[in-house]
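Protein chains: 4
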Amino acid sequence: MAKVGMLGAGFIGDFYTFSINGHRNRDRVHVVYSRDEARGKAFAAKHGIPKWTTSMKEAVTDPEVDIVVIGLPNNLHLEAVKLAAAAKKAVFCTKPLGRNAAEAKKILDIVEEAGVTHGYMEDLVYTPKTLKALKSVETGAIGQVIWARSRETHPGPHSDWFWTKAVSGGGVLLDMGCHCIEISRSYIGKKIRPVEAMCWADTLVKPIEAEDNALGWVRYENGAVGQFEVSWTFRGGMDLRDEVMGTDGTIWVNNFLRTGFEMFTAVGKKGYVAEKAETEKGWLFPVGDEVVELGYTDMFTDMFNAFESKTEPKETFYDGYIVNEIMDACYRSAKSKKWEPVRLKTWRGRDKTEKINALRDFDKDNLLVKEETMPDGTVKLILKNKKTGKISQRVKK
Amino acid sequence: MAKVGMLGAGFIGDFYTFSINGHRNRDRVHVVYSRDEARGKAFAAKHGIPKWTTSMKEAVTDPEVDIVVIGLPNNLHLEAVKLAAAAKKAVFCTKPLGRNAAEAKKILDIVEEAGVTHGYMEDLVYTPKTLKALKSVETGAIGQVIWARSRETHPGPHSDWFWTKAVSGGGVLLDMGCHCIEISRSYIGKKIRPVEAMCWADTLVKPIEAEDNALGWVRYENGAVGQFEVSWTFRGGMDLRDEVMGTDGTIWVNNFLRTGFEMFTAVGKKGYVAEKAETEKGWLFPVGDEVVELGYTDMFTDMFNAFESKTEPKETFYDGYIVNEIMDACYRSAKSKKWEPVRLKTWRGRDKTEKINALRDFDKDNLLVKEETMPDGTVKLILKNKKTGKISQRVKK
Amino acid sequence: MAKVGMLGAGFIGDFYTFSINGHRNRDRVHVVYSRDEARGKAFAAKHGIPKWTTSMKEAVTDPEVDIVVIGLPNNLHLEAVKLAAAAKKAVFCTKPLGRNAAEAKKILDIVEEAGVTHGYMEDLVYTPKTLKALKSVETGAIGQVIWARSRETHPGPHSDWFWTKAVSGGGVLLDMGCHCIEISRSYIGKKIRPVEAMCWADTLVKPIEAEDNALGWVRYENGAVGQFEVSWTFRGGMDLRDEVMGTDGTIWVNNFLRTGFEMFTAVGKKGYVAEKAETEKGWLFPVGDEVVELGYTDMFTDMFNAFESKTEPKETFYDGYIVNEIMDACYRSAKSKKWEPVRLKTWRGRDKTEKINALRDFDKDNLLVKEETMPDGTVKLILKNKKTGKISQRVKK
Amino acid sequence: MAKVGMLGAGFIGDFYTFSINGHRNRDRVHVVYSRDEARGKAFAAKHGIPKWTTSMKEAVTDPEVDIVVIGLPNNLHLEAVKLAAAAKKAVFCTKPLGRNAAEAKKILDIVEEAGVTHGYMEDLVYTPKTLKALKSVETGAIGQVIWARSRETHPGPHSDWFWTKAVSGGGVLLDMGCHCIEISRSYIGKKIRPVEAMCWADTLVKPIEAEDNALGWVRYENGAVGQFEVSWTFRGGMDLRDEVMGTDGTIWVNNFLRTGFEMFTAVGKKGYVAEKAETEKGWLFPVGDEVVELGYTDMFTDMFNAFESKTEPKETFYDGYIVNEIMDACYRSAKSKKWEPVRLKTWRGRDKTEKINALRDFDKDNLLVKEETMPDGTVKLILKNKKTGKISQRVKK
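Chains as they are written, first to last, in our numbering: chain A, 639 to 1035; chain B, 639 to 1035; chain C, 639 to 1035; chain D, 639 to 1035.
Bear in mind the hints are in silico, worked out from the structure with no lab data behind them.
Treat the numbers as computed from the prediction; the structure is a model and nothing was measured.
Fair warning: there could be bad hints in the mix.
Chain copies aren't distinguished; within one or between two, either way the pair holds.
Result set (DSBU-like, lysine-lysine): computed pairs, CA atoms no more than 30 Å apart in a straight line [what the hints assert, rightly or not]:
#1 LYS1035 / LYS993
#2 LYS641 / LYS684
#3 LYS829 / LYS975
#4 LYS1035 / LYS948
#5 LYS919 / LYS773
#6 LYS983 / LYS973
#7 LYS990 / LYS976
#8 LYS1018 / LYS684
#9 LYS828 / LYS743
#10 LYS948 / LYS689
#11 LYS803 / LYS1034
#12 LYS1018 / LYS919
Based on the sequences and whatever the hints tell you, model everything.
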């Protein structure tokens, strides 16, 4: 059993606490910190948390607290991590790790110097579907991954601070691109070096300084491409989808808006429908248990287990740092309008990864380009002569 | 924290144990009973269970065991419940409660006399989607429920005993109709009396004595109909779907074969795909976390909480008994080829429920039959004169 | 090229005329009949039809008219068919053929005596998906069909006459059950005799005399069951789905509400969405080309081709008559609360169809009950000893 | 009625001829040209075409031929168009118009000088779903389009010539990017100037010279982005999907692999499943009528109607030229690794289009950033002060 100091009493704090205190879990949030006393108190009451405080330090240093969970605005991550590291507490931080790579590197260095367990709370690589999909990729079910698209779009964040660049550090790219980048990276292979990034970012709809829409590609050393699509101006709910192409297969994951639960209501649901749902009438698409489906349950399982067994969780601050570096390259690219290198100050993956290779001999003279069953039942082969390079077709009955 | 004596080391015992020992749960399976020593030992090793035994009594009476979980063939439920009740242990039993209503009634009487907590482990009313859907129904989001279809079909059960009527007590109706009947009943309202049942059952495909396909309707006092469709001869995986029609809305729940996770593999997944999946290549439709999606997590949460708080779980042996009575009526109907009354020996719901009523005045002279927007944008009204009964149409611009 | 006399200028007449005059078709509606002159005139103008009339006879006997298409209320089918037969014109009639089997038989006899081409306009067995699915069934792709569910539900018909039993002859069972019954019959096999029917019908929501909801099963001689579900009280649009179980496969067809076209609009589409759509805002699910998707294009192709080549279309008045007999049995069953025989006055299918049989030898001693790949990769076999009847299991590595 | 000279007897010629000669159409393919006599003869026999020839000129100049339809490899388009223009015949050409923009411009100039009707056969903007979706966009149902993704991926083309760069002119970008680019352009607005393009293209899987995968963005003058994704290495069939984001809504169109028709077969369909399907067993996803769903029916309707009425079809060679220019910019970008301008030699759209603008006043002091219903039923507003630029939140009960 672990006791948690929860920093932050906002939307994400709610999700974290629902997850930690949920079901028949043995862990407990012991104290909650909020700048606003009324808010902290209400949060504690709602979740049955024994203590609340307006002092971050008090929450972190509470002697019963084993683990500090950071659910604060981006500009407070560094401060909170410093406190936790100083108190030698395990620390799990929400995404993005920093407002930029430099800040993320500082945060990483602090916990590594302090020697405390650290977890980067990228919940979306922990959704039950993603975990199973990643396992399938590992077993070779879809061959070598050549492309992974990750999309997160919704009508915009819940709190004012997100919309204020000085506090958040950026727009939708920073807020949600971090999710998508780490999802694609997980499919392509976290040991493979991200080499360069191309990004488009624009402020098309909202009256804000930061970008409200962004698209990007991250190219990995083996030639694979991770694609992200993020928007604060999507209409219709929250769209959380991933698509993966492998040399031998395909994966499509839909984590939110189409998961096998459809409801039509002519009268309205008279209450909460789903995170970032836009309508209360007509066709609605709730998810079952949001806390589970968004990955919180499996994320905390991994992280608390890692804490107890003194191992590393699947996602550490190192991963958070890598993601920040990729996002920095994206921001540079959005400005320069060209591919920008990803400049990693530390790389712990494979030194060198060969290019994807799926060439297949047809016979001693030819490579197989394609094999297809035709309408009349025959099989059509496209072949390439190894010597001449000439491409020809052949029909097999 | 509760300690569990698990009776049975088969397929369902696996699911129960994965759930109880899963994630960061505080409960633990303490001892497992299996007739077969090797099997019990292997099961204990796999799940990290401290003890195993070939004596059901020993498992039940183990002093550390708080709760007895029955995952045994149908013909052993009565014996296991007797042991648990004698030992004054809380007891949760898998579905169906009995092989018939008489047996179920005995089982119910035993635990009520003993005064122990009892739970009917109908996991499918606890799937996260179903729980949310039921909550929506309660809030009135779809009005009054008039029809609920529940379908469970797959290519047949895993173990030989299911296929042997003497042991199981019946065929697919008993095995899976129990799920569907309780799901429909939950949507329509558990306080509303099930009045009569109509059932078709046949052995169409498999070389067995019992039925391998069954269809049925259960009519409730308010006029609503619960429809079930069960089959052991479905091809393509496990189909678990519910559909609900209300006077003001519709609910469609798909718990298994189409939940937003799609995979194509040309090479095979080299391992487990999903419960009752039929293929290893081509398009596959895994679920994320089966234990969660099939309702086990929320079921045990409710049941263990009830045990600790000395309240009743959502599903008790009384519900199991009701379901057995409805199935008995179904079996009679399949033979007599007519609707058969449901003969409840005990009824704890509402004495009398009025007929569904959704009549709506249009004005003082007319009832509204229908209102529809036409292709040209006009609104067409179908009205019924309250006095004359004449139906007419009117176009509103 | 064929010229058409269109009887009826209502909703269905619109669909028929859009189809006949559509795309690059060579056929043309030449004259339209409507009781109401203004309506007929407007209809002609809208569709570019050269003539209109308030005399049914005039439309039918127009010398340029080759084919009479009946899109009239049910109580006028007989009269219209009489006129067409007397004029020796080919005649295609909307569904249901008659208000009951006796009327349908009269209609059938009239055209057969007159020797004119006749087509029963059951468009839903002509949807492109259904045609392809039926072809797959014929090639054996799903083995022997054991069950076919057909569902048509929506919020109720467009015109007042449908809601008035004296005119329509019945409620939703007659209006839409006819579709579903013929769809299931097509999957199971039109040569196989429908033996008996079981039906539940009730008036649950609407202030009308006839049933607004009905469910039914039709049992065929080989043991297969056709299931229908019809409702005038469904919320959320028009639900047109078919599901078929075969001994070797499964077919799911969705013709309307989920066909790969999804739209969210916060402002409304400012116009027509789809037949019987209920909402203008939020998530909408239009179909592409309704005329094609609902089967009209392929239906008229078949029927006009049959007319020109002097052959029979896929659906003739004989089929319409069979459907009416099945519905009569359903109405009797809804009253008697038991299975009722289908009493065919003429049967042109197979004299006798054997029971579905899919038994499969495993080896000389055993029948195969089931084969399943388990989580650990082993294959589990359920076998039945041919002599003893004992069922056992075996694991194959 | 129009008579067609069909140039090409390959896969696309089949689709075109099925469409033109299909259903009850009044047009007819009158002569087919194929280099290979046996092939042309077989094609004619299969489709009931009166004449065949191995002389392109003969087919084009046949006095009965009104319209020349070009279904030839890319390197023959120019020659075929010259012949048609010389013969003053209407000419419809398959996609892409040219192997590059220079060639496309020549082709455009030729038909415009000759004054013949010309159609660019971009069938995918004519799919029934796309036509309806485009109409919705025009009526304002989703507001201003800010992003349109179009995806076409499959396991590679049918014929050897596609794989040979000298003949085809390029790889998957040229082959299928042309579809996607015109689809996005149609959603964003064909009157809005495409300004610049960014493209990634690589040869990841196939042993070919040209790219087998490509991704791209096309930026329009108003800020909207058209995104394309094309691959010849996708596994699982043919994936044809479009997604559109508007300021007030969303559109998702799936034209092929998930359209409401699902089949599981344990035995195989014993024949043709669908264009570019990869498997014959397991779960399959056929479409209903491919010729309709892929847009051929509506495309020829528009083009033949335009020919008869001497107007322009929706897609002319001018559109084909624009697409080629965009693809040229993409190829430049794939090399230069930066955004490249689209260099149009002729532009017939709007001179200047303002930036997308969806700002909305909340009150006189504030702009509305976002409005959201929270779990507790309250409405949360994010506002931006017009003077200070400060963003704040407010809760409305």
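The hints, checked one at a time:
| no. | hint | verdict |
| --- | --- | --- |
| 1 | LYS1035 / LYS993 | neither (35 Å within a copy, 37 Å between copies) |
| 2 | LYS641 / LYS684 | both (18 Å within a copy, 29 Å between copies) |
| 3 | LYS829 / LYS975 | both (28 Å within a copy, 25 Å between copies) |
| 4 | LYS1035 / LYS948 | neither (60 Å within a copy, 38 Å between copies) |
| 5 | LYS919 / LYS773 | between (38 Å within a copy, 16 Å between copies) |
| 6 | LYS983 / LYS973 | both (22 Å within a copy, 28 Å between copies) |
| 7 | LYS990 / LYS976 | both (24 Å within a copy, 26 Å between copies) |
| 8 | LYS1018 / LYS684 | between (65 Å within a copy, 20 Å between copies) |
| 9 | LYS828 / LYS743 | within (18 Å within a copy, 47 Å between copies) |
| 10 | LYS948 / LYS689 | both (27 Å within a copy, 27 Å between copies) |
| 11 | LYS803 / LYS1034 | between (62 Å within a copy, 25 Å between copies) |
| 12 | LYS1018 / LYS919 | between (51 Å within a copy, 18 Å between copies) |
Comparing the model with each numbered hint stated earlier shows that hints 1, 4 do not hold.
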